[in-house]
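S.K.: Now for the letters of each chain:
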Amino acid sequence: MTHPSSALDDTIHQRVRLGILAVLSESRRADFAYLKDVLEVTAGNLSQHLAVLEEAGHVQIAKSFEDKRSRTWVTVTRRGRAALASEVAIMRALLDGLGSGQRA
Amino acid sequence: MNADEVRESLAFSEYARKRARDDMGRPWLALVLLASLSVVSLSLTDASTSPTVLFWVFAGPVGAGAIALYAHRRNRSSGIDSSPLAYVAITVGLLILSYTAGKIGFAFHIPGISRFGPAFVAAVGYFALAWIERSWMVAAISFSLLAIAIAIIGFDFNPQQSTALVFGLYGITLLAVGFSMRAARRQLP
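Going line by line, the protein sequences match chains Y and S. Counting in our numbering, the first sequence runs from 370 upward without gaps. Counting in our numbering, the second sequence runs from 18 upward without gaps.
Derived by calculation from the structure, the hints in this document are not laboratory data. Treat the numbers as computed from the prediction; the structure is a model and nothing was measured. Just so you know, not all the hints are guaranteed correct.
Claimed, not checked - Below 20 Å or equal to it, Euclidean Cα-Cα: the simulated EDC-like pairs (lysine to aspartate or glutamate) are:
no., chain 1, residue 1, chain 2, residue 2
1, S, K35, Y, D400
2, S, K35, Y, E409
3, S, K35, Y, D406
4, Y, K405, S, D39
5, Y, K432, Y, D400
6, Y, K432, Y, D406
7, Y, K405, S, D21
8, S, K35, S, E25
9, Y, K405, Y, E423
10, Y, K437, Y, D400
11, Y, K405, Y, E435
Required output: the full structure, derived from the provided sequences and hints.
M.R.: As structure tokens, then:
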């Protein structure tokens, strides 16, 4: 018998990656600077997390030139949306099955 | 992992969602403006039908253009982009509904529908916005507009009273929405 927390997806359970998917799930796309600002992370840190999500097929990254400056737009994939929904549902189920302060 | 960690992750996820919703283009503000225009235009139907038609010839495209421009500029500057499709669909729906409500009222000589129509259309528009924005506040506005529409019929207000009631509530509503949005933005960490 496996513990319920083993159903959590390590790829997106990390706090910043969960935040990235949460922001993107509400929008059509968000740019790199916006994500960096909202999630309060450094550019290097955000790049690493985006690379992990992109490799897992949860986000798509596109670069463009607007007003003579480079801009990076990030979009959540259908797989990413499903993964986020599943992760949130698992976390809620874990909380429902636990009293406050108990080990999950 | 303990319950507090799970709770913190969920809270952070919810914060990120809320922040994204708050920062998105807000084209619905422009849509509210267009809904206001629909109410104004229908109030003109008491005097004559021709100004209404002329009004819509200009107000429709101008309103839709304002929404598109507003959304485009906000999206570019804020760095978060929302799909305009739902907003466009709601706007078109509002225009058709408000126009139809006025026409039906006058065609069948039912002044109650002409007076009730604008408030009802605005209520429908706000309800759709409430759904998009996941906002209980906007939903409450929708229901209050609906209550006003029902009161107009129930108490058989005359056109002047109906218009005053709708516009009074509309003004208060817009002010309340503006102040509460500003307050909500200030509370964001």
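S.K.: Please go over all the hints and tell whether each is borne out by the structure.
M.R.: Going through the hints against the structure:
{"no.": "1", "hint": "K35/S / D400/Y", "in the structure": "holds, 17 Å"}
{"no.": "2", "hint": "K35/S / E409/Y", "in the structure": "holds, 15 Å"}
{"no.": "3", "hint": "K35/S / D406/Y", "in the structure": "holds, 14 Å"}
{"no.": "4", "hint": "K405/Y / D39/S", "in the structure": "holds, 16 Å"}
{"no.": "5", "hint": "K432/Y / D400/Y", "in the structure": "holds, 9 Å"}
{"no.": "6", "hint": "K432/Y / D406/Y", "in the structure": "holds, 18 Å"}
{"no.": "7", "hint": "K405/Y / D21/S", "in the structure": "violated, 25 Å"}
{"no.": "8", "hint": "K35/S / E25/S", "in the structure": "holds, 15 Å"}
{"no.": "9", "hint": "K405/Y / E423/Y", "in the structure": "holds, 16 Å"}
{"no.": "10", "hint": "K437/Y / D400/Y", "in the structure": "holds, 16 Å"}
{"no.": "11", "hint": "K405/Y / E435/Y", "in the structure": "holds, 19 Å"}
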